Amino acid sequence: EVQLVESGGTLVQPGGSLRLSCEASGFTFSDHYMDWVRQAPGKGLEWVGRIRKKVNSYTTEYAASVKGRFTVSRDDSKNSLYLQMNSLKTGDTAVYYCARGGSYLPFAIWGQGTMVTVSS
Amino acid sequence: DFQMTQSPSTLSASIGDRVTITCRASQSIGSRLAWYQQRPGKAPKLLIYEASSLESGVPSRFSGSGSGTEFTLTISSLQPDDFATYYCQQYQDYPITFGQGTRLEIK
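Residue numbers (this note's numbering), protein chains in the order written: chain A, 1 to 120; chain B, 1 to 107.
Errors might be hidden in some of the hints.
Claimed, not checked - With a straight-line Cα cutoff of 25 Å, these simulated DSS-like cross-link-like pairs (lysine-lysine) come out:
1) Lys67/A - Lys53/A
2) Lys43/A - Lys42/B
3) Lys43/A - Lys89/A
4) Lys107/B - Lys43/A
5) Lys45/B - Lys53/A
6) Lys45/B - Lys43/A
7) Lys107/B - Lys42/B
8) Lys45/B - Lys107/B
Note that these hints are calculated values from the structure, not bench results.
All figures in this text were calculated on a predicted structure; none of them were measured in a lab.
Extracted from the complex, chain B is given alone in its bound form (with noise of 0.2 Å):
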């Protein structure tokens, strides 16, 4: 199996930090990665994929980066609407993993 860690796991930052979570693999997964963000007690939703495409509706401040076993999401300006738990997701072979999560909240 595909391990996926993810660090930290609590982030504390405020309004307006530049934050950047890592996303490590156990083997290469190439670009098949994803990040999601997840509020409480709602649904994750897609921000980016293969690594360093932002899905469409997501802010630009958001963005991603790395291939094969190193990742990075970084979050350019934080806003009030992005403290919440951020996952990272490999999608390259079954079984379909996801990292712990990082929660990012307010300092």
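Okay, chain A solo, but in the shape it has when bound (with noise of 0.2 Å):
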């Protein structure tokens, strides 16, 4: 079965730092760019930025609003993905979803996703 499982999702205060990650199985993992999506509680679907796959350099891109702030990267040994979320801010706060992305292609896979609280 083709699956993405998120986790490292808890309640941050703000400027802190969290890493989350995401496991990929049932599918070549390292064969694919992908992507983390956020939702803002109540709110719509917020592309946070991508990963390319070896082949392509690992590159990588960001949405404005979290560009030198948050890291994507990759373990293909590990089909894992990650993203490091530094000086977060409240508006942070969001549900993190990864997912199977790939030039000029949709997001076919998404994972359950995973809560990011940035409170005092």
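These two chains come separately, so use the hints to put the complex back together.
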């Protein structure tokens, strides 16, 4: 079964850091671009960032709202995707989803999401 | 950035109705448009990609059309499972952007 499972979401104070993980199974993880998408409570979907695959030198793209604070990385040997979040703000409170993307491809596979709450 | 604008924001309809949701892009995105369905507390589910291609396993009552800047998602005969929120998404360029969502509710 093709599956993505996120973990690492928790309550964190403003200014703090957190790393989310996403473990893939059921497909060849290293063959795909991977993305992070978030959804604030009661709001719509916001793309956060992307990491390409090895043949594309693992290059990344970010939304302006997180650029310089968030870093997307991956470990193909562990079939895992990561989101390092630094300098967290209350506005970063959201459910964070990992998704399988691609060059000019939609997000066909999504994880179940992990909740990040930034609050004092 | 490519702004995506959906209309309406909320749509009330009955079982068996035919409904259409519109998505407009601020610039041409060719056919790089997807539609997603999201039920409360669940992850989004891909319905349509490349504006009009039906994702495997998605019922044929869902269809998409359009190109350039104007796109539509049509549900031909509403079923109980269809009451959810629908999002369009452009993947032509970065940043990847979503519409604000259309909530489909039971009349």
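Tested hints:
1. As the CA atoms of Lys67/A and Lys53/A are separated by approximately 20 Å, the hinted pair is consistent with the 25 Å bound.
2. Of the supplied pair hints, the one linking Lys43/A and Lys42/B holds, its CA atoms being roughly 14 Å apart against a limit of 25 Å.
3. Between the alpha carbons of Lys43/A and Lys89/A the distance comes to roughly 17 Å, so the proposed pair stays at or under 25 Å and holds.
4. In summary, the hint linking Lys107/B to Lys43/A is supported, as the alpha carbons are separated by about 22 Å, within the 25 Å threshold.
5. A hinted pair counts as satisfied when its Cα atoms are at most 25 Å apart, and Lys45/B with Lys53/A qualifies at roughly 23 Å.
6. Simply put, Lys45/B and Lys43/A have alpha-carbon atoms about 17 Å apart, close enough for the 25 Å limit, and the pair holds.
7. Of the pairs offered as hints, the one joining Lys107/B and Lys42/B holds, with about 23 Å between alpha carbons and a cut-off of 25 Å not exceeded.
8. Taken as a hint, the Lys45/B and Lys107/B pair is honoured in the structure, with Cα atoms around 24 Å apart against an allowance of 25 Å.
Checked against the numbered hints listed earlier, the structure breaks none of them; every hint is satisfied.
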